Each structure stands twice: as structure tokens, then as C-alpha cells.
Amino acid sequence: MLALMLLVVLAPVVFGAIAFAYPSNRRRPVALLAGAAVHAAGVAALLAAPGEEVPGRWLALDAIGKVALGTTTVLFLAAAVYAQGYLARREDRDNRVFVGGLLVLLGAMTTVALSHHLGLSWVAIELTTLTTAPLIYFNHNARSLEAAWKYLLIGSLGIALALLGTFFLALSGAGPGGPRSLLVEELVAAGPLLSRPWVRAAFVFLLVGYGTKMGLAPLHSWKPDAYGEAPGLLGALLAGGVTNFAFISIARVFQVTRAAGEEAFARDALVGLGLLSIALAAVFVVGQRDFKRMLAYSSVEHMGILALGIGLGGGAAAGAFFHLVNNGLTKGVVFLSAANIHRSFGSKRIDEVRGAGRRLPVSGPLFLAGFLAITGSPPFSPFFSEFAILNGAFGAGRWVVGGLFLAFLAVIFVGMGATVLAVVQGDPEGAPQVPGTGDSWLTAGPPLALIVVVLLLGLFLPQGLRDLFTSAGALVGGGRW
Amino acid sequence: MTAVAQLLDLAFILVVVIDFFLLSSSRMGAAIRVVALQGGLLGVLPLMLAPPGEPLGHYLVLAVGALAIKGVLIPWLMFRAIREASMRREVEPIVGFVPSMVLGGIGVALAFAFSSRLPLPEPSAAHPFLVPTALSTVWTGLLLVVSRKKAVNQVLGFLVLENGVFVFGLLLSDFMPIMVEAGVLLDLFAAVFVMGIVMFHINREFSSLDTEKLSALKD
Numbered sequence: 000m001l002a003l004m005l006l007v008v009l010a011p012v013v014f015g016a017i018a019f020a021y022p023s024n025r026r027r028p029v030a031l032l033a034g035a036a037v038h039a040a041g042v043a044a045l046l047a048a049p050g051e052e053v054p055g056r057w058l059a060l061d062a063i064g065k066v067a068l069g070t071t072t073v074l075f076l077a078a079a080v081y082a083q084g085y086l087a088r089r090e091d092r093d094n095r096v097f098v099g100g101l102l103v104l105l106g107a108m109t110t111v112a113l114s115h116h117l118g119l120s121w122v123a124i125e126l127t128t129l130t131t132a133p134l135i136y137f138n139h140n141a142r143s144l145e146a147a148w149k150y151l152l153i154g155s156l157g158i159a160l161a162l163l164g165t166f167f168l169a170l171s172g173a174g175p176g177g178p179r180s181l182l183v184e185e186l187v188a189a190g191p192l193l194s195r196p197w198v199r200a201a202f203v204f205l206l207v208g209y210g211t212k213m214g215l216a217p218l219h220s221w222k223p224d225a226y227g228e229a230p231g232l233l234g235a236l237l238a239g240g241v242t243n244f245a246f247i248s249i250a251r252v253f254q255v256t257r258a259a260g261e262e263a264f265a266r267d268a269l270v271g272l273g274l275l276s277i278a279l280a281a282v283f284v285v286g287q288r289d290f291k292r293m294l295a296y297s298s299v300e301h302m303g304i305l306a307l308g309i310g311l312g313g314g315a316a317a318g319a320f321f322h323l324v325n326n327g328l329t330k331g332v333v334f335l336s337a338a339n340i341h342r343s344f345g346s347k348r349i350d351e352v353r354g355a356g357r358r359l360p361v362s363g364p365l366f367l368a369g370f371l372a373i374t375g376s377p378p379f380s381p382f383f384s385e386f387a388i389l390n391g392a393f394g395a396g397r398w399v400v401g402g403l404f405l406a407f408l409a410v411i412f413v414g415m416g417a418t419v420l421a422v423v424q425g426d427p428e429g430a431p432q433v434p435g436t437g438d439s440w441l442t443a444g445p446p447l448a449l450i451v452v453v454l455l456l457g458l459f460l461p462q463g464l465r466d467l468f469t470s471a472g473a474l475v476g477g478g479r480w
Numbered sequence: 000m001t002a003v004a005q006l007l008d009l010a011f012i013l014v015v016v017i018d019f020f021l022l023s024s025s026r027m028g029a030a031i032r033v034v035a036l037q038g039g040l041l042g043v044l045p046l047m048l049a050p051p052g053e054p055l056g057h058y059l060v061l062a063v064g065a066l067a068i069k070g071v072l073i074p075w076l077m078f079r080a081i082r083e084a085s086m087r088r089e090v091e092p093i094v095g096f097v098p099s100m101v102l103g104g105i106g107v108a109l110a111f112a113f114s115s116r117l118p119l120p121e122p123s124a125a126h127p128f129l130v131p132t133a134l135s136t137v138w139t140g141l142l143l144v145v146s147r148k149k150a151v152n153q154v155l156g157f158l159v160l161e162n163g164v165f166v167f168g169l170l171l172s173d174f175m176p177i178m179v180e181a182g183v184l185l186d187l188f189a190a191v192f193v194m195g196i197v198m199f200h201i202n203r204e205f206s207s208l209d210t211e212k213l214s215a216l217k218d
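In the order they appear, the protein sequences are chains A and B. Under numbering that gives the first Met the number 0, the first residue of the first sequence carries the number 0, and numbering increases by one thereafter. Under numbering that gives the first Met the number 0, the first residue of the second sequence carries the number 0, and numbering increases by one thereafter.
Don't read these hints as lab results, they were simulated from the structure. Heads up, a few of these hints could be off.
[As the list claims (entries may be wrong)] Simulated restraints on C-beta separations:
1. Arg82(B) - His139(A): 21 to 29 angstroms
2. Ala181(B) - Leu460(A): 41 to 49 angstroms
3. Ser85(B) - Arg195(A): 51 to 59 angstroms
[Unchecked claim] Which chain B residues face chain A? A few, computed with CB under 10 angstroms, are given here:
4. Leu48
5. Gly52
6. Ser115
7. Arg116
8. Pro118
9. Ala133
10. Gly168
11. Val183
Nothing here was measured: the structure is a model prediction, and the numbers come from that model. C-beta: ideal position from N, C-alpha, C; glycine also.
Chain B extracted, bound-state conformation (with noise of 0.2 angstroms):
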């Protein structure tokens, strides 16, 4: 195994261990770090997984704009709508830190299930940590968004699933058109950038960043 080999699966096993990292934690500070991280690695990612002797641009572009947007920009964004409404932590998420732990727990064992019985079309060419990796981050981040009381940290939980389903798209790079990536880059950042608009108008609202408050709307 060379040591490209060895750092894959490590970034891999990483992206999967910070899942479990935000299921567990309710310091909104780490968790944005933790997040930055995730998307760091999402940046990393695409270069090593390029075919060798193939022309790296394409990579590049993906690797530099989901490093700047995934890893730098969202979280100094999320830092800046934490420190508006100082806050610190998640004090009683809906599904409690334990079960959430088991639940995403149970979503990698089904990730490994589902991805070995779905055949890849081509099975050589792809990683076989990166189809359950992706799936089980989709889970995280799904968990996070229902399970969780505070706007920062159902941010959080959308990034993540957008994390996952990036993994997903790197075993399409080869001819997923740059266009097209780019444009699912910029909205997710648009769509951040939009919830952190709609979160400093509810902090400044309801004087705090809590959606229990929005419960005025039903039938």
C-alpha cells in the first residue's frame, strides 16, 4: 500500500469519526471547528483521489473552491452569527446526545450494507470507503437537522449532509461538468449565506437563536 493509499483511507475514516464528533458534542464553537475541518478534508480529497497521469486542473478548481467555501468562508460565517447572539452550547437537543450517537452508529452499519449490496458500475475505479462514507454523512447530517433546537447547529447538520453528498460526487468528477459543479458550490454557499441572514433577523426577533420559539404558525 503507498502512502497516497494510506492517507485516503485515513481521510476517509477522519470524515466519518467527525460525524460521530458532532452527534456527541454541544459546544457550538467546536462543532463549527470540527465542521471547517470536515470541509478541509472534502478539499484535499478530490486530489487524491485523481487518476494518475491525468491533467489535475479540473481537481484543482473543486479541491480550491471547496477548501474556500467549505472550510474557510461557511464557518467564519457560522463564528460571526454564534458571537452576534452569544451563545455557546446546545442544551437539550431533541434526541439526546446518547441516542443520536447510537442512531448515527447505526446509519454507518447500514451505510457498509446498502453500499456493498448496490453494485458500482465500475468497481475498480472508485474507493471502497468513499460510497459509505458519503452515505453515512448524509445520515449525520440529516440526524443533526431534526434532532437539534439551535438555527447555528441545523446549519451545521445542512452542511454536513451537503458534506456527504460531495463525497458522494467525487466518484463522478471525471465528467460531471465544471460548470455545473461550481454552480452547486456557490448555492450552498448562497444558501448559507441566506439562513445566516434569516438567523440574525430571528436573533434579533426573538432574542435568541432557539427555533423552539418559532411555533406560532400551525393548524
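Chain A extracted, bound-state conformation (with noise of 0.2 angstroms):
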């Protein structure tokens, strides 16, 4: 168990160091498909294992870290495919540092969903933020230097607050009797023998913190702008993969705060700080001229929602793990789609791009098919785990939450829908094209198959799926669902 985790987290690093000494421009993208194939080998053979709990380990899979991982891994090899068309089309860029660093992401972000350290999840999480700042400057201009410079300045605060945070932590365990640790299992052990004002104090600063790298409003001002100018590929692992880490870790402070007898209060701010994000991000999807930052303000939305679900608890806590795989294979579609409608129009602003439909037979109605899934339309995955969220709102009594909720949903709904249909709708003659741009295997067939993995999980979803995700939401104090 321990070896096939110390493989998921250190095989990537390695692939990303050779890929970092290969010379080869053209066959170094190899090199993150293989990676991406042995983690994702690794963790199935993981998932497959029967659990096995070994107290004080800082390693340890349980049901949180299986939902994150199995997401992250599938959308990566997505993700590793497309990168092999998408840097074939690209060799004008030296893709060292970009393939080097996606493999690194990979190894940080398996070490956030298996470590049970907080002091370790920080590590791993800051070097999330520093792998992915120069891959956002991949295309070398001014528009993504500074996308980059913003990124990394706000990442790199939020982040410092959330040190602050994690030192508030285990100071509340420094009194007599208490853990005096950093393992989430012993912190929520200890329970009431923690310090409250401390505990309290440390959910406000890991919130802030490790909110900001989620994208939580109003901590979401790097988003748009990084989202906007990174490749899509980037932009895809970013929304589907970095920020759910930072909010499971914000799950795994929570349920330290929640043993100590903090809950209410800190339920209160994840709800209030998750209809804050949905709300923004109904303001400014609606007349949203540029499709790719309309993504990272539906991301904004879906990290709100995220939060959401934690925050009401009940059957809605489980909901929000079954979103957190939806959102994270749907961003994929989106991203991927985007970045091939981006390409061939060499433009991202709906002032210019028209008939997508038409001109990408495939990434223009997957483009279509991933905004409905994202927004929720059944019969996609996300309709039903934003609907177990709503109705854990409905059922807990809490009427004006969730019908706050439908609200802005139905506004993003609608805003969204009208850039989206700009894009895929119309007669792309006299539009400006990129040659050489068109759809291939390599490029469209990473997000077809995440769109068919997303709406079969809204077809059926299988039992063992939905225990886990029960008793992911079990771990955050959800009941049945």
C-alpha cells in the first residue's frame, strides 16, 4: 500500500526530470503520456486495494483522497493525449519547462490528495502554485506574462495565510493533553481538547488561503486572467484538478474544525463564501465577450458550489464529492473544446468567431455538449450532484439558500448559453481562420471521451461510486444520501 503510494507520487516527478533532460523537442511530449499512464496504472491499483488504516502515517488514501485522485487521474491521461497533438501543432515553443512541469503538477497534486499531514498538504499545494505559473507564460506574450505575474502574487499570499493558518492549528493543539500534531486523524481525535479561539483563528486563515487557490469569490481575481491566456490544456487541469485539492484540503480543515466544536460557524462561512461565488459569477458570465474567461468565472461558480455542499452537510456534503468528479471531468470537455475552437479561429472573443459548429464537426458541438453538462442539464453527471446539493438545501430547511442557488444558476444558465451559441452557431465564412487547425483524432478525442465517462455517470451511476461518495461526505459530517 505504502510503496504503490510512494509510486503515484514520485514516478511522475521522475518522468517529469527525464523529460526535463530529453532533447528531443518532437518526442519529448512521450514522456508525459507515459507518466501520466503509470500514475494512472498506480491508482487504479490503489482504489482496487483493500484499505488498510495505519494510524500517525502522514500517507493514507481515504474516501476524500480517492474521489480527488480518481478525477485527477483520468483527467490527466485526458489531458497527456491531447498534449501530444496539441505540442505537435506547437513546435514553435520549446515545451521543456511546460511538459516538465505538468509532470510535476501531477506528483504535487497526488501528494495533496494522499497526505494526512496539513504541514505536507502545504507544501505540496504551494508547489502547485509555482509548477503552473510558467506554464501559464507558455506562449510568451505580454498578455500571459502578466496573467502569470498575478497568478503567482496572489497564489503566493493566499498560500502564506494558509501557513499562518496551518501554525494556528497545531498551536491549538499545543495545550496540555492536546496532539500536539499536524495528522488530521490525531487533530480530530483530540476533538475538544483543542483551543477554540485557535481553531477558529486557523479556519478563517485556511480558508482565505487556501480559498484563494481554490478561486472562491472575492478571492478569485487571478482566475479570469490566468484562465484566459494559459493553454487550454492548462486551463483544464487548473479548474479540474489544482483548485479541487485546495478544496479538499479546506474538507480536511473542516474536519478538524468540526471536532472542536467550531461547525456552525465554519459551515456558515462555506455556505456564505459558495453563494458569494455563484452570485459573482451569474454577474459576469452574463454578456461575457471572451468564451475562455467565461470559463474560469463558471469555474468560480462550481468551486462555489463545492463549498456549498460542505457547508449545508447533510445529503448535500456527499453531493459535493459527486460534483467534485462531474465539475472536474466537465472542465475537461470545456477547456479542451475551447482550446480547439481557440486555435482555429486565432481568436477567443465572440466579436470574431462564429460557426464553430461547422467548421469543427467534433470540438464545436462538444463545445455545446459541455455547457450543457456544466450548467447542469440533465441527462449529463452534473445535473444530479447539483441536485442532491439542492435538495440537502431544501430538505435542511434552508428555502432561501436554495432558492438563491436555482437563481443563479438559471442566470448563469442563460448567460452562458448566449456566448456559447455565438460560437458554435453561424457561418464561419469570413471569419478568421488558422490553417492547419482542424480537428484530429489526437486533439477532439480526449474530450469526447471525458463528455461519454460524464454522461454516463448520469445515466448510472454504480453503487460502489455512490457509497463512496457517501462516505466521502461522511467524513465531513454529511448524512445519508
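Assembling the complex is the task here: the two chains are given apart, and the hints tell you how they should meet.
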């Protein structure tokens, strides 16, 4: 078990080092595919292995980790296949840092999923910021540079505050009889022995710090710039991967906060920030002329939905973990298909892009299908997870919260719909065209495969997965789903 | 009061004085030197705070790490950055020098008030100045990052913020695993290193390190 865990953490890093040392720009992306494949195989073996509880160990695989790790490895594999087609078309750029950085990022994300030591989680989350910032600058122009600087500075500030919060949490357990530890299980077991004022302060700082990484409003300001300027492949991994790991770190801190008896306060904060994020996304999505920035606001919305889900508790908590999977995979669909459209037209403004459905017979319809899925239309799986969260809100008698949630979702559907239809419909005649950028198996296949998974999860959710989401929800105090 | 205790008081006070100096200073060269001095002080603090009679190994590693990274390596990187960009001073910060001093003063007062209200789980073990010093340094760092326009000064602000967090972490050094502490220090160094690379590109692209030029992206 431990050997497997070390394998999935270290194998991507080793492949990253190989990619960094390998001289050929053309063949280097193969390392990405190899790293992703080994990681996926390792994760599959880990998920199949019977669980064993070893108290006091830094690396362990609980239900929350399983959900996040499984999603990421599928998304990363799709992104790695896509990268073969994408980087072959971008031979003008040196991809050494890009390929190496993505693989180290995979190792760092895996560490967060497995780590039950809050200090180690912090180090790995900071590493995700540092490996992705140079990748945002892949296009080497003034706009991507601005995005990378903002991402780096805002992300680092957030993460510094999270470190302070982590220290507060450590201090809360330093009293007489306290656990004097940063292991989640030991802190949860100590529960009421923790010093409550320090736990409360720790939760605030960690929510602000990791909330910045997650991109919850009002801490989201880096997101539209980074997602707008980064290659779509990186956007997919940020929106469907990195942000999820900030979320599960908040979920782990929430476990401790709950055990210490500050549950009500933490729940209110999560519901408040969650609703604020969804509301802000609704405001900025309407009338958005840049379809990649629109996707960034959609990511703000879905991070808000995740926070709302664990904030509400009950069945909504399990729904939030189901939504983590759905959002991660669907973000892969929309970012990768949007990237194909962006490249074909050489623009991401809806003033210049039209008729993508005709010019790109796979990516155009995929972008439309991805939009329907991400805004919660049946029969795609995000509908069911959002429904579970809504159901949790109404079931707990939170009529105002549920009503607002529903109203914002409706506004976002209409707002995104207007932009997406402008991109997909119409006649591409006369719109700008970049030669040699049509759909290929390598660039259109991965988002197609992901939407099939999202559709299947919506049509039929295996009992094993349902139980997994329920037990992940139970870790943060959720009930039956 | 022993000599060590007196020196310790002095070190904490110096850390806060440096915060004020940074808030009021427009000259970058001086600011970098002073941040290096603060880093050096942080290198000495773990040794002075080490409980007598315990093995010093852990504290020694922490001290040397802090001194090398915060006191030497990072300031050296920053000096390179301003030499490449041939810049000397911050001319028009977003928040002026006098208002930033006033805000800094308020921050220090609040830090003392806050830390006297939050009971330390083990009051006897900690130095009374430790928590207020840490919190006011964190506050100063935040102020510097949001109120300065030059990229170098924003990075210095981030460093000061991390210094504040480091001081707070000294409360916990007896049960923080050394691996985590090393990871934190390495991450900090890597962060500043990446920021340095991005600054290099900003300087080449815009022929300046003024982040006001970074304003093309908005809704």
C-alpha cells in the first residue's frame, strides 16, 4: 500500500525529470503520456487494493482522497493524450518546461490527495502554484506574462496566509493533553481538547488561503486572467484538478474544526462564500465576450457549489464530492474543446468567432454539449450532483439558500448560453482562420471521451461510487444521500 | 534578566523596527539590505529561543536554513533583479509612505491587542513579544504587497509576510517535523526564484518592472 502510494507520487516526478533532460522537442511529450499512464495504473491498483488503517502515517488514502485522486488521474490522462496533438502543432515553442512542469504538478496534486499531514499538504499545494505559474506563460507574450505574475503573486499571498493558519491549528493542539501534531486523524481525535479560539482563527486563515487557490469569490481575481491566457490544456488541469485539491484541503481542515466544536461557524462561512461565488459568477458570465474568461467564471461558480455543498452538510456533502468528479471531468471537456476553437479561429472573442459547429464538426458540438453538462442539464452527471446539493438545502429547511442557488444557476445558464451559441452557431465564412488547425483524433478525442464518461455517470451511477461519495461526505459530517 | 533574554527582546524589537523602515523607505537597495538583516535576525532567533538543555540539532538546522535562504540567497537574487532593471526607487506607491506608516502603527497596536486576547495554550513557554511581532510583520508584508507598484517591492513584501509567519512558527518548532520546516523554506526559495524569472521576463517585455504596465487583462 505504502509502496504504491510512493509510486504514484514519485513516478510522475521521475518522468518529469526525464522530460526535462530529454533533448528532442518533438518526442518529449511522450514522457507526459508515459507518466500519466503509469500514474493511472498506480491509482487503479490503489483504488482496488483493500484499505488498511495505519494510525500516525502521513500518507493514507481515505474516501476524500479516492474521489479527488480518481478524478485527477482520468483528467490528466485525457490531457496527456491531448498534449500529443497540441504540442505537435506548437513546434515553434520549446516545451521542456511545459512537459516537465505538468508532470511535477501531477506528483504534487497526488501528494495533496494522499497527505494527512497538514504541513505536508501545504508544501505540496505551494508546489502546485510554483509549477503552474511558468506554464501560464507558455505563449510568451505580454498578456500571458501579466496573467502569470498575478497568479503567482496572489497565489503565493494566499498560500502564506494558509501557512499561518496551519500554524494556528498546530498551536491549538499544543495545550496540556493536546495532540501536538498536524495529522488530521490525531487532531480530529483530540476534538474538544483543542483550543477553540485558535481553531476558529485557523479556519478563517486557511479558508482565505486555500480559498484563494480554489478561486472562491472575492479571492478569485487571478482566475479569469490565468484561464484566459493559459493553454486550454493547462486551464483544464487548473479548473478540474488544482482547485479541487485546495478544496479537499479545506474539507480536511473543516473535519478538524468540526471535531473541535466550531462547526456552526465554519458551515456559515462556507455557505456564505459559496453563495457569493455563485452570485459573482452569474454577474460576470452575462454579457461575457471572451469565451475562455467565461469558463473561468464558470469555475468560480463550481468552486462555490463545492463549498456550498459541504457547508450545508447532510446529503449535500455527498453531493459535493460527486460534483467534484463531475466538475473535474466536464471542465476537461469545455476547456479542451474551447482550446480547439480558439486555435482554429486564432481568437477567443465572440465578435470574431462564429460557426464553430460547422468548421470543427467534433469540437464545436462538444463545446455545446460541455456547456449543457456544466450548467447542470440532464442527463449529464453535474445535473444529479447539483440536484443532490439543492435537495440537501431544501431538505434542511434552508429555503433562502436553496432558492438563491437555483436562481443564480438559471442566470448562469442563460448568460453562458448566449456566449456559447454565438460561438457554435452561424456561418464560419469570413471569420478568421488559422491553417492546419482542424479537428484531429488527438485533439478532439480526449474531450469526446470525457463527455462520454460524464454522460454515463449521469445515466448510471454504480453503487460502489455512490457509497464512496457517501463515505466521503460522512467524513465532513454529511448524512445519507 | 539574563543577557540572552535582553538580546532576545532586542531582536524582536528590531524585527518590528525593520517593518516600519520598509513601510517608509523608497530606496530599493536599502530595502533589500534591511530585509536581508531581518532574515539574518530570523536565523538567530531559533537558537536564542531553544529551551536550555535540549539537543540543538533541530534548531541549528532551522537557523542555518533561515540565514542562508532569507538572509543571503534571496537578497542576492533581489540585488541582481534591480541591477538588471537599473532601478533605484519606488516613486509613487499606491498608498503613500506616511499613510503606510500610520497603517503599520495601527497594525502593531492591533497585533498586541489580538495576542493578549488569544490565550496561548502554554503561556509560560513563549516569549511575550513573539506573537505580536509575528502578526505585525505579517500585516506589514500584506501592506507592502498591495501598496507598492514595483515588482521588486511586491516580492519584498511577500518575503516580509513569510518572515512573520516564520516567527510565529518558532512557537511550534519543538513539534514541527524538520521535513516540513525544510519544505517550507525550500518552497519559499523556489517561490522567489520563480518570481525572479517572471520579473526578468516582465523587464524584458515592458522595459520596466512597474506592475502598472500589467493592466491589459480586465472585464
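Hint-by-hint comparison with the structure:
no. : hint                                      : verdict
1   : Arg82(B) - His139(A): 21 to 29 angstroms  : holds, 24 angstroms
2   : Ala181(B) - Leu460(A): 41 to 49 angstroms : holds, 43 angstroms
3   : Ser85(B) - Arg195(A): 51 to 59 angstroms  : holds, 53 angstroms
4   : Leu48                                     : violated, 15 angstroms
5   : Gly52                                     : violated, 19 angstroms
6   : Ser115                                    : violated, 12 angstroms
7   : Arg116                                    : holds, 8 angstroms
8   : Pro118                                    : holds, 7 angstroms
9   : Ala133                                    : holds, 8 angstroms
10  : Gly168                                    : holds, 5 angstroms
11  : Val183                                    : holds, 6 angstroms
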